[in-house]
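S.K.: Going line by line, the protein sequences match chains R and E.
Position 257 (the first sequence) corresponds to 257 in my numbering; numbering is contiguous.
Position 680 (the second sequence) corresponds to 680 in my numbering; numbering is contiguous.
No wet-lab data here; the hints were simulated from the structure.
Any given hint could turn out to be false.
Said to hold, decoys possible - Straight-line alpha carbon distances no greater than 20 Å define the calculated SDA-like cross-link-like pairs of lysine to any residue that follow:
#  : chain 1 : residue 1 : chain 2 : residue 2
1  : E       : K41       : E       : V288
2  : E       : K81       : E       : S62
3  : R       : K242      : E       : G468
4  : E       : K491      : E       : L86
5  : R       : K42       : E       : D295
6  : E       : K472      : R       : R275
7  : R       : K242      : E       : M588
8  : E       : K98       : E       : L86
9  : R       : K202      : R       : V262
10 : E       : K719      : R       : E256
11 : R       : K185      : E       : Q795
12 : E       : K223      : E       : L86
13 : R       : K187      : E       : K223
14 : R       : K185      : E       : K41
15 : R       : K95       : R       : A174
16 : E       : K81       : E       : K41
17 : E       : K466      : E       : H803
18 : R       : K185      : E       : V288
19 : R       : K242      : E       : E469
20 : E       : K98       : E       : P161
21 : R       : K187      : E       : Y136
22 : R       : K185      : E       : V669
23 : R       : K187      : E       : G696
24 : E       : K98       : E       : T344
25 : R       : K202      : R       : K185
26 : E       : K719      : R       : V262
27 : E       : K472      : E       : S62
28 : E       : K322      : E       : E421
29 : R       : K187      : E       : V288
30 : R       : K42       : E       : T470
31 : R       : K185      : E       : V181
32 : R       : K185      : E       : P729
33 : E       : K719      : R       : K242
34 : E       : K621      : E       : Y644
35 : R       : K187      : E       : E671
36 : E       : K472      : R       : A278
37 : R       : K187      : E       : L212
38 : E       : K345      : E       : E183
The primary structure of each chain is shown beneath.
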Amino acid sequence: MIPAAFEYYRPTDMEGVIALLQEHGDDARVIAGGHSLIPMMKLRMAEVPHLIDLQAIEGLSGITVADGTISIGAMTTQHDIINSASLAAAAPIMKEAALQIADPQVRYMGTVGGNVANGDPGNDMPGLMQCLNAKFHLTGPDGDRAVDARDFYEAAYMTEREGEEVLTAVSFAAPVGGYAYEKQKRKIGDYATAAAAVQISKADGKVAAASIAMTNLSDTPVWSQTAGAALVGADCGEAAVKAAVTAMLSDIDPTEDNRGPVAFKRHAAGIVLGRAIARAWSRA
Amino acid sequence: MKDEITREERVAGLKGMGCSRKRVEDARFTQGKGNYVDDIKLPGMLHGDFVRSPYAHARVKSINIDAAMALPGVVAVLTAKDLEPLNLHWMPTLAGDKQMVLADGKVLFQGQEVAFVVASDRYIAADAVELVEVDYEELEVLVDPFKSLESDVVLREDLDPKAPGAHGPRKHHNHIFTWEVGEEVATNQVIDNAEVVAESEMYYHRTHPCPLETCGSVASMDKVNGKLTVYGTFQAPHVVRTVASLLSGIEEHNIRVVSPDIGGGFGNKVGVYPGYICSIVASIVTGVPVKWVEDRMENLMSTAFARDYWMKGKISATKEGKITGLHCHVTADHGAFDACADPTKFPAGFMNICTGSYDIPVAYLGVDGVYTNKAPGGVSYRCSFRVTEAVYFIERMIEVLAIELNMDAAELRRINFIRKEQFPYTAALGWEYDSGDYHTAWDKVLKAVDYDGLRVEQAERVQAFKRGETRKLMGIGLSFFTEIVGAGPVKNCDILGMGMFDSCEIRIHPTGSAVARLGTISQGQGHATTFAQILATEIGLSAESITIEEGDTDTAPYGLGTYGSRSTPVAGAAAAMAGRKIRAKAQMIAAYLLEVHDNDVEFDVDRFVVKGAPERFKTMKEIAYAAYNQAIPGLEPGLEAVSYYDPPNMTYPFGAYVCVMDIDVDTGVPEIRRFYALDDCGTRINPMVIEGQIHGGLTEALAVALGQEIAYDDMGNVKTGTLMDFFLPTAWEVPNYETDFTVTPSPHHPIGAKGVGESPHVGGVPCFSNAVQDAFRPFGNRHTNMPHDHWRIWQTANDLGLHG
Chain R
1 MIPAAFEYYR PTDMEGVIAL LQEHGDDARV IAGGHSLIPM MKLRMAEVPH
51 LIDLQAIEGL SGITVADGTI SIGAMTTQHD IINSASLAAA APIMKEAALQ
101 IADPQVRYMG TVGGNVANGD PGNDMPGLMQ CLNAKFHLTG PDGDRAVDAR
151 DFYEAAYMTE REGEEVLTAV SFAAPVGGYA YEKQKRKIGD YATAAAAVQI
201 SKADGKVAAA SIAMTNLSDT PVWSQTAGAA LVGADCGEAA VKAAVTAMLS
251 DIDPTEDNRG PVAFKRHAAG IVLGRAIARA WSRA
Chain E
1 MKDEITREER VAGLKGMGCS RKRVEDARFT QGKGNYVDDI KLPGMLHGDF
51 VRSPYAHARV KSINIDAAMA LPGVVAVLTA KDLEPLNLHW MPTLAGDKQM
101 VLADGKVLFQ GQEVAFVVAS DRYIAADAVE LVEVDYEELE VLVDPFKSLE
151 SDVVLREDLD PKAPGAHGPR KHHNHIFTWE VGEEVATNQV IDNAEVVAES
201 EMYYHRTHPC PLETCGSVAS MDKVNGKLTV YGTFQAPHVV RTVASLLSGI
251 EEHNIRVVSP DIGGGFGNKV GVYPGYICSI VASIVTGVPV KWVEDRMENL
301 MSTAFARDYW MKGKISATKE GKITGLHCHV TADHGAFDAC ADPTKFPAGF
351 MNICTGSYDI PVAYLGVDGV YTNKAPGGVS YRCSFRVTEA VYFIERMIEV
401 LAIELNMDAA ELRRINFIRK EQFPYTAALG WEYDSGDYHT AWDKVLKAVD
451 YDGLRVEQAE RVQAFKRGET RKLMGIGLSF FTEIVGAGPV KNCDILGMGM
501 FDSCEIRIHP TGSAVARLGT ISQGQGHATT FAQILATEIG LSAESITIEE
551 GDTDTAPYGL GTYGSRSTPV AGAAAAMAGR KIRAKAQMIA AYLLEVHDND
601 VEFDVDRFVV KGAPERFKTM KEIAYAAYNQ AIPGLEPGLE AVSYYDPPNM
651 TYPFGAYVCV MDIDVDTGVP EIRRFYALDD CGTRINPMVI EGQIHGGLTE
701 ALAVALGQEI AYDDMGNVKT GTLMDFFLPT AWEVPNYETD FTVTPSPHHP
751 IGAKGVGESP HVGGVPCFSN AVQDAFRPFG NRHTNMPHDH WRIWQTANDL
801 GLHG
């Protein structure tokens with residue numbers, strides 16, 4: 001559990017980060033909280049000759065809620081998410097989800113940016129960001145751009161982010177209606193066996209809009225448009241929930257691991273989603 | 001002189017047996033000031049690291065160390081070829097087998113030690129490991145012991161397939177031993193003619209003790225004075241010294257073995273590992289100290305697995321439920337080498353305690369040990385030798401028999417318990433249980449949890465479930481266990497020929513404080529607290545004035561170490577006996593000082609008083625001073641004693657546990673609503689320490705029952721090599737435990753104590769497992785294997801058709 005030798009950089013501005021990324025190419029990685037990257041380096045599964053720490057760069061952390069838009073800097077920790085009153089008011093699903101990530105020690109260090117940018121299918125924030133239809137803000141040698149969370153993930157650890165780009169923030173419109181983040185895991189600190197992020201808005205006793213994403217059931221997060229659509233116009237009764245679950249189950253593609261065989265994961269995914277929808281609806 | 005304080009206050013001031021004295025160790029542990037092996041830094045110390053096999057079975061065609069040696073800072077790379085001239089490329093195991101220290105021609109399990117890199121810096125050593133080039137030729141892998149016994153593939157090419165092993169004839173080249181206890185013919189006759197027979201097959205999965213501190217050692221060979229010092233994670237430092245002397249040829253007086261603070265053992269640190277040998281050889285070769293400390297993955301993959309028993313049972317009874325016979329066969333997967341840590345004559349430990357707490361007239365146990373391509377080990381994870389397996393077996397057989405009889409499992413236990421008046425009781429498989437009162441304990445627990453009420457609630461829940469009103473089932477887990485701890489006696493039990501006695505040496509200082517040294521070694525048990533309490537009561541000096549030292553073979557008397565809950569039964573007895581020798585001499589000194597006959601004074605808490613004249617006394621403090629400054633006719637100066645205690649029998653702690661669990665059949669998630677644990681460990685030395693031990697043992701029982709396993713794939717790859725997948729519960733997963741006790745002293749132990757550290761693990765595993773299985777009993781479940789993690793519970797529900 002000892003990493004290979006690496007050079008450590010602590011630039012103070014983004015220009016410095018991008019210059020290092022350009023200079024070292026694939027041999028360089030940026031590090032935020034380090035709770036995914038450092039274990040991989042210690043296992044020597046990730047070799048990073050040039051490690052660029054983002055801690056000293058100003059303006060990368062913080063939560064702003066303005067004009068119905070929420071913006072969260074990449075270096076904002078899960079602990080910050082949990083303790084932000086304005087965020088809890090504007091997007092309570094963020095706190096509910098962050099409280100289910102790892103344990104307090106990890107949450108003091110682990111960041112939103114690291115969680116979404118790493119592309120680990122087990123991370124909770126990517127699915128949540130897809131549920132919220134967030135935008136990821138990237139900075140690179142050619143300037144800034146934004147990518148939809150729903151378009152960001154290509155495969156496990158493969159994303160739309162170019163090698164010389166840095167993810168600097170996420171932003172999304174303040175969600176309306178009821179919400180739920182439901183996660184089944186084996187123990188504290190574990191990745192999800194299945195997790196679901198659900199936002200539902202209500203009008204006239206019926207579902208006006210619904211957005212549903214799930215985590216760790218494929219090599220990317222799964223936002224299922226058809227699952228959400230199955231709820232719209234319904235009263236969120238048994239048939240509608242069943243239709244949403246059926247739609248989601250045709251979009252996920254879990255693999256067997258120590259959490260269990262595929263049949264179990266599919267069953268658990270349906271249960272977790274059903275519970276998330278019920279809770280979100282009860283809050284809508 | 002009138003005494004200002006009352007007798008009660010004098011008793012309280014001793015902080016002796018029975019008081020919840022706070023642990024003296026915790027001041028340093030809670031401040032991060034413990035001194036563990038990895039804290040030891042010696043001048044010029046080098047660091048070792050292993051090249052390990054990625055394959056479970058392969059021939060080692062060549063090892064090229066050139067690139068590693070070329071890395072600046074690398075001092076040496078040892079392979080089997082380098083150890084062979086010293087005859088240290090193999091080492092004897094505790095089970096009479098031998099084990100490769102470094103791969104000698106082939107590797108037999110994933111993670112096996114292939115080469116040992118020694119470098120000036122821990123990081124350079126890790127880099128050099130990557131540079132050692134090993135050319136492997138993969139061989140067919142055997143991870144299933146049943147297939148191994150039928151395979152033409154020879155795992156152990158070093159063994160003559162026709163020659164007997166350490167425990168008698170071998171049936172096959174991958175077979176290790178057959179061990180039989182009891183009367184097979186008579187048992188089969190009873191079972192064949194019985195009114196009711198229940199059968200079950202169960203797999204007790206492979207798991208691991210996983211102490212927070214992994215294994216490690218620092219060896220320092222002083223070539224000037226010829227003295228070797230080894231610091232290490234040793235649960236039995238004196239045995240390590242003897243083994244090191246026998247293997248190295250260094251005379252034993254020139255070897256000093258030190259166990260510093262140890263961060264948990266649970267059996268993981270009983271055995272001798274290649275890392276210890278390699279650090280010693282490397283220090284001898286380089287002439288400077290060499291440290292080796294394994295990381296978490298190495299710990300889980302290569303040192304000391306536990307369990308891995310495939311058990312097959314038959315139990316017979318009358319229609320009324322009186323048990324008439326028990327048959328048990330075990331196929332024991334020992335991995336690549338038989339390195340089980342058991343007393344020499346017991347290749348399956350004390351598995352023959354498998355008749356449990358029940359009066360069973362006739363029984364048979366057969367165990368076949370088998371080689372596979374898995375890591376060696378076979379340690380007793382928080383239990384006396386294989387007792388957890390034995391108790392799990394009988395407590396499952398009882399449940400299966402209850403199903404067969406359509407009887408309540410609590411009542412079935414009650415009518416078969418060994419009765420109070422039957423003690424000392426000789427079981428069908430040979431053990432003599434010292435004392436017990438099982439019915440009292442059982443009734444107390446069932447009443448405390450309102451057992452009848454729980455069964456009513458459970459029946460209502462089943463109906464509600466069938467009506468579709470809930471998706472949660474309720475399980476009531478029962479277990480009653482009898483432990484067998486405190487090995488010796490020497491006539492039965494030895495480790496590599498060393499009789500399993502233990503020892504205590506006491507020196508009283510002139511001002512009335514003391515130091516006591518013992519042959520055991522605490523790994524968190526709190527010996528420095530509790531042994532001082534035993535002595536305080538025995539010699540009348542406050543526990544606060546008694547220092548307990550263990551673990552340094554240059555100062556501590558020879559002992560067999562700490563495992564199998566033997567410290568209190570054996571070393572605790574030695575402490576009491578040594579204390580009584582102190583008291584005997586103190587009595588003579590007191591009589592001299594009081595100018596009366598020896599028999600005219602008697603011991604009273606902290607002093608000797610003249611019989612019938614309590615105002616005339618000498619305190620132990622005064623006596624200690626007199627021992628050093630008065631010329632007393634017929635007595636040597638000083639006040640010291642030593643005792644080597646060979647116990648006449650084991651001790652047999654017991655307990656009754658109930659677990660109430662709610663199980664979500666859709667997700668497979670179990671919620672523990674209640675856990676009630678009654679333990680009888682005989683005389684109680686420190687109730688707070690006992691409670692801590694029970695919480696710890698139950699938590700490790702929860703871990704094993706609900707998820708903790710070392711799993712392999714078909715290629716022999718370890719699937720659970722990190723704490724992400726190897727379940728180590730946190731406070732979050734652990735329920736609130738309710739503890740209770742009865743006190744049935746051991747009749748043969750000087751203070752009546754029996755030992756407690758492992759009981760909760762032994763009794764806890766079947767209790768958690770029975771709770772899960774009981775929830776599914778109304779739907780036809782007879783037995784499902786542990787670990788009961790979410791998907792396996794879900795699978796049980798699915799197999800029973802509960803998912804619609």
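S.K.: Confirm or reject each hint.
M.R.: How the hints compare with the structure:
no. : hint            : in the structure
1   : E:K41 - E:V288  : 12 Å, holds
2   : E:K81 - E:S62   : 11 Å, holds
3   : R:K242 - E:G468 : 17 Å, holds
4   : E:K491 - E:L86  : 34 Å, violated
5   : R:K42 - E:D295  : 11 Å, holds
6   : E:K472 - R:R275 : 15 Å, holds
7   : R:K242 - E:M588 : 88 Å, violated
8   : E:K98 - E:L86   : 16 Å, holds
9   : R:K202 - R:V262 : 34 Å, violated
10  : E:K719 - R:E256 : 12 Å, holds
11  : R:K185 - E:Q795 : 17 Å, holds
12  : E:K223 - E:L86  : 17 Å, holds
13  : R:K187 - E:K223 : 51 Å, violated
14  : R:K185 - E:K41  : 41 Å, violated
15  : R:K95 - R:A174  : 14 Å, holds
16  : E:K81 - E:K41   : 29 Å, violated
17  : E:K466 - E:H803 : 12 Å, holds
18  : R:K185 - E:V288 : 48 Å, violated
19  : R:K242 - E:E469 : 18 Å, holds
20  : E:K98 - E:P161  : 15 Å, holds
21  : R:K187 - E:Y136 : 38 Å, violated
22  : R:K185 - E:V669 : 9 Å, holds
23  : R:K187 - E:G696 : 18 Å, holds
24  : E:K98 - E:T344  : 14 Å, holds
25  : R:K202 - R:K185 : 30 Å, violated
26  : E:K719 - R:V262 : 17 Å, holds
27  : E:K472 - E:S62  : 58 Å, violated
28  : E:K322 - E:E421 : 18 Å, holds
29  : R:K187 - E:V288 : 44 Å, violated
30  : R:K42 - E:T470  : 46 Å, violated
31  : R:K185 - E:V181 : 44 Å, violated
32  : R:K185 - E:P729 : 13 Å, holds
33  : E:K719 - R:K242 : 35 Å, violated
34  : E:K621 - E:Y644 : 26 Å, violated
35  : R:K187 - E:E671 : 12 Å, holds
36  : E:K472 - R:A278 : 18 Å, holds
37  : R:K187 - E:L212 : 18 Å, holds
38  : E:K345 - E:E183 : 19 Å, holds
Checked against the numbered hints listed earlier, the structure breaks hints 4, 7, 9, 13, 14, 16, 18, 21, 25, 27, 29, 30, 31, 33, 34; every other hint is satisfied.
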